[in-house]
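K.L.:
Given next are the chains, with one letter for each unit.
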Amino acid sequence: MKTRRRSSLFHRGEPFVWLTGGALVLSVFMIVGLLVIVVYQGMGTFWPGDLVRLELSDGSAVMGELVQEETYQPQPHVLKPLTKLQRAAIAQAGGSVRRHQLRTGNFDVTNTHFKWVSDFDVSQTSRPKWALLLERVEYGRFYGIPAAFVVDGKEIATDPAAVIAKLDRYHGESRERAKQIRRIGEEQAGANDRERGAQRARTEAEFEHGIDSAEWRRADEHYESVQQAVAKQALALNRKSAELGRQNRRFKLRMKTADDAPKDIVAADIVRYYTPNRLGFVEKLGIYSSRWGEFLLDDPREANSEGGVWPAIIGTLVMTLVMSVLVVPFGVLAALYLREYAKQGLLTSIVRIAVNNLAGVPSIVFGVFGLGFFCYIVGTSVDGLFYAADAADGNPTFGKGGLMWASLTLALLTLPVVIVATEEALAAVPNSMREGSLACGASKWQTIRRIVLPRAAPGIMTGMILAVARGAGEVAPLMLVGAVKLAPKLPIDASFPFVHPSRSFMHLGFHIYDLGFQSQNSQAARPMVFTTTLLLIGIVVALNITAVWVRARLRKAHKG
Amino acid sequence: MRQQTNRPWSTSRFVSEDEPAGTPTTEAASGVFQAVERGLAFETAVHDALRSEDAVVEITGFNLWYGDKQALFGCAMIVPRGKVTALIGPSGCGKSTLLRCVNRMNDLVATVRTSGAMTLTGDPIYDPGTDVIELRKRIGMVFQKPNPFPMSIYENVVYSLRIDGVRSRSVLNDVVETTLKGVGLWGEVHDRLSDSALRLSGGQQQRLCIARAIAGEPDVLLLDEPCSALDPIATQRVEELIQTLKGRYSILMVTHNMQQAARASDYTAFMYLGRLVEFGPTEEMFLKPKLTETEDYITGRFG
Numbered sequence: 001m002k003t004r005r006r007s008s009l010f011h012r013g014e015p016f017v018w019l020t021g022g023a024l025v026l027s028v029f030m031i032v033g034l035l036v037i038v039v040y041q042g043m044g045t046f047w048p049g050d051l052v053r054l055e056l057s058d059g060s061a062v063m064g065e066l067v068q069e070e071t072y073q074p075q076p077h078v079l080k081p082l083t084k085l086q087r088a089a090i091a092q093a094g095g096s097v098r099r100h101q102l103r104t105g106n107f108d109v110t111n112t113h114f115k116w117v118s119d120f121d122v123s124q125t126s127r128p129k130w131a132l133l134l135e136r137v138e139y140g141r142f143y144g145i146p147a148a149f150v151v152d153g154k155e156i157a158t159d160p161a162a163v164i165a166k167l168d169r170y171h172g173e174s175r176e177r178a179k180q181i182r183r184i185g186e187e188q189a190g191a192n193d194r195e196r197g198a199q200r201a202r203t204e205a206e207f208e209h210g211i212d213s214a215e216w217r218r219a220d221e222h223y224e225s226v227q228q229a230v231a232k233q234a235l236a237l238n239r240k241s242a243e244l245g246r247q248n249r250r251f252k253l254r255m256k257t258a259d260d261a262p263k264d265i266v267a268a269d270i271v272r273y274y275t276p277n278r279l280g281f282v283e284k285l286g287i288y289s290s291r292w293g294e295f296l297l298d299d300p301r302e303a304n305s306e307g308g309v310w311p312a313i314i315g316t317l318v319m320t321l322v323m324s325v326l327v328v329p330f331g332v333l334a335a336l337y338l339r340e341y342a343k344q345g346l347l348t349s350i351v352r353i354a355v356n357n358l359a360g361v362p363s364i365v366f367g368v369f370g371l372g373f374f375c376y377i378v379g380t381s382v383d384g385l386f387y388a389a390d391a392a393d394g395n396p397t398f399g400k401g402g403l404m405w406a407s408l409t410l411a412l413l414t415l416p417v418v419i420v421a422t423e424e425a426l427a428a429v430p431n432s433m434r435e436g437s438l439a440c441g442a443s444k445w446q447t448i449r450r451i452v453l454p455r456a457a458p459g460i461m462t463g464m465i466l467a468v469a470r471g472a473g474e475v476a477p478l479m480l481v482g483a484v485k486l487a488p489k490l491p492i493d494a495s496f497p498f499v500h501p502s503r504s505f506m507h508l509g510f511h512i513y514d515l516g517f518q519s520q521n522s523q524a525a526r527p528m529v530f531t532t533t534l535l536l537i538g539i540v541v542a543l544n545i546t547a548v549w550v551r552a553r554l555r556k557a558h559k560g
Numbered sequence: 561m562r563q564q565t566n567r568p569w570s571t572s573r574f575v576s577e578d579e580p581a582g583t584p585t586t587e588a589a590s591g592v593f594q595a596v597e598r599g600l601a602f603e604t605a606v607h608d609a610l611r612s613e614d615a616v617v618e619i620t621g622f623n624l625w626y627g628d629k630q631a632l633f634g635c636a637m638i639v640p641r642g643k644v645t646a647l648i649g650p651s652g653c654g655k656s657t658l659l660r661c662v663n664r665m666n667d668l669v670a671t672v673r674t675s676g677a678m679t680l681t682g683d684p685i686y687d688p689g690t691d692v693i694e695l696r697k698r699i700g701m702v703f704q705k706p707n708p709f710p711m712s713i714y715e716n717v718v719y720s721l722r723i724d725g726v727r728s729r730s731v732l733n734d735v736v737e738t739t740l741k742g743v744g745l746w747g748e749v750h751d752r753l754s755d756s757a758l759r760l761s762g763g764q765q766q767r768l769c770i771a772r773a774i775a776g777e778p779d780v781l782l783l784d785e786p787c788s789a790l791d792p793i794a795t796q797r798v799e800e801l802i803q804t805l806k807g808r809y810s811i812l813m814v815t816h817n818m819q820q821a822a823r824a825s826d827y828t829a830f831m832y833l834g835r836l837v838e839f840g841p842t843e844e845m846f847l848k849p850k851l852t853e854t855e856d857y858i859t860g861r862f863g
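Protein sequence lines, in the order shown, are assigned to chains V and A. Using our numbering, read the first sequence as starting at 1 and increasing by one per residue. Using our numbering, read the second sequence as starting at 561 and increasing by one per residue.
By construction, these hints were calculated from the structure, which means they are not laboratory data. Keep in mind that a hint or two might mislead.
As the list claims (entries may be wrong) - Some chain V residues flagged as far from chain A (calculated, every beta-carbon gap over 10 Å):
#, residue
1, Arg12
2, Phe46
3, Glu435
4, Gln446
5, Arg450
6, Ile539
To be verified - Subject to a maximum C-alpha distance of 25 Å in a straight line, what follows is the list of computed SDA-like cross-link-like pairs (lysine to any residue):
#, chain 1, residue 1, chain 2, residue 2
7, V, Lys556, A, Ile693
8, V, Lys343, A, Asp687
9, V, Lys444, A, Leu732
10, V, Lys343, A, Leu695
11, V, Lys556, A, Asp751
12, V, Lys444, A, Ser761
13, V, Lys556, A, Leu695
14, A, Lys705, V, Asn431
15, A, Lys705, V, Ala427
16, V, Lys556, A, Lys705
17, V, Lys444, A, Leu695
18, A, Lys629, V, Gln344
19, V, Lys444, A, Asp751
20, V, Lys444, A, Asp667
21, V, Lys444, A, Glu777
22, V, Lys343, A, Ser675
23, V, Lys444, A, Met711
24, V, Lys444, A, Ile693
25, V, Lys556, A, Arg664
26, V, Lys556, A, Ser761
27, V, Lys444, A, Thr674
28, A, Lys705, V, Met43
29, A, Lys629, V, Asn431
30, V, Lys444, A, Tyr626
To be verified - If you only want the chain A side, here are some residues facing chain V, beta carbon under 10 Å, derived:
#, residue
31, Pro650
32, Arg722
33, Ile723
34, Val726
Note that CB positions come from ideal geometry on N, CA and C, so glycine has one too.
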């Protein structure tokens, strides 16, 4: 009897189970690893750590938050000045030494935010009970011991507890006055805008009707009156602002640094203050959530490295939504023609390949294209038609980066994703549906609209989800076509037309790049990089979950 | 181009003009298959009973090519008014192709070419001036696999009215009720008309598709193996339904099932390799066919 050969292990496919499983595990590991790092680092940024005071062997002292520690091999010239005993201890540890990085703040005093301290340098470690942390409007954090509270140059309290009680008493009203000063500034800016508007109306009148025409004279009169009113208002506002500022400068906090150097800080300049070493878990949690609140809802301060990212959140959301609104209809229409109307053949294959290759073009190239085509060609033409007066002043409206051009550029960038996903969704609609509809006497368009599109809608949503994820995380092209470090105004507000397509905007992705690589103090900004990344991922996930939810509802509507 | 309707039907029209009927027909019946396989032309054996029928659809000398490959050769037949006509024949003989030519579904296949003529109540089907959409509105079609649209039962039934822009609720409601009653589905679904049609069973789905096809009051109803995807009980119900639709609608159906053709149809046409071989009243076709080939096929000795 002839027996059949045993199939080899290879043919049975066992190794392939391991191969495929291994590939999946590797991808999951990488994704989860990245997420864990981002979440861990991002969530930890705002946790108030204890303040440590280190007395160093040279007699000086530093105080700050422990940021990180590491083991390193000191160079011989570092070891040379040490005592014999210290050198022996280091040699015993294999020549390696632990060192700690302290966030010491007090940039205005020391010109540095961080300090590395090696173990052998520390002569004494303590956690001063009254160590006070100040988050300031300028110069970042201040770490010190409260020495006195000063009103009008007189110390009214010197005991730490009493000083903090006075700070509690006066801080709120000082901040309120600071807020008023800021509001006055905004009012002033609004008045200046009005003046500029009137001036522009006059220039337009000059452009259209010529100087000394009736229209120009009317515009000129209007401009004069506005100018006078604004000047009068400015005077009043200035006086009010100056008075508030004078009031605020009366209240000062006198601090002592770790080295006992005194430093006076105006109470109004303090955003938040607390004594970390006296706080329990619940109080720390309160500070933690308050910092998250500030991060999410406030404007940035200090070259974006402090404060919040509210404008960047809004900018990201609005840009992504406008991009989706542009790319989805366009991509779906293109895919419909390609799949439903065009005769399948060489030409459609070439178009398909071209579309797919578009996805491989580096995104910065899209940025360059957007800048050259949208901003300079289209934008300048729009300006020439509608905003000639401004453009002539060297103040383009659309002839520069802005929300509209950024959204269009990203729409182009994500177009292949939408087209490919839509085509696949259309291909997945069974032909029997189309035949059934056509046999009922429906035209091709009726068939597409009533049968094919509803059935393909979930797949189209998938394409949109991919496009949104790609678009929201894109940075490189945005740098060229409208994302800025600090936008004076949000791209949406309550004034008509609510969405302002010509405005430049802030974007979380660009914010991350700016914090991590462009800021003077990138080390201090690093925790913010993680937190902002976490936020951006969170926003993309939130957008996607919304789309997935809509898709699930669509699926349910079209299935049994 | 409107031709005379209800024209008496003559056997001479069975042979297309470009294919002369020179080869032996009934007297050399045993040679038909060989003639077909050798590509010779021959005349369809048509029973006399058909002469007295009033044709809704008339097919004359119809040829069809898929690219270079010819699939239909000089087909000529009629669909008698108010009767059920079954197309039988072995797989690939062109039954479905011929059926799908009647409402020009083959237009969807890019490589298809046709010649010859078809008329629907005298109006030409293959004519440059024919509006295919208007034509299809006069023809109902049911496919092999039930293909209800992914929408509610209600919307499925009124689909043909919707695409005509009918909005009136009362009109739509009436159509839904009468049509669903017509296909015997009303009792089963009247309380869940807004449910998705995809939740119905296979047999119910197929009856819904028939309802959809007759909701537009078509002149002719095309059934393309309507029971091949159904279980025996559902098949029986659809066959019963075909019987009740008879008279009111003229039906042309393709079937693989000889018993179904025998049970459900008034006339049967036997096709072989793209040719129409014999066409006559079902009873005659099954009991005393003119050609032995037909007898062989029907009795299962062949095919």
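K.L.:
Tell me, in ascending order, the numbers of any earlier hints that this structure violates.
P.N.:
3, 4, 5, 7, 12, 13, 19, 25, 28, 31 and 34
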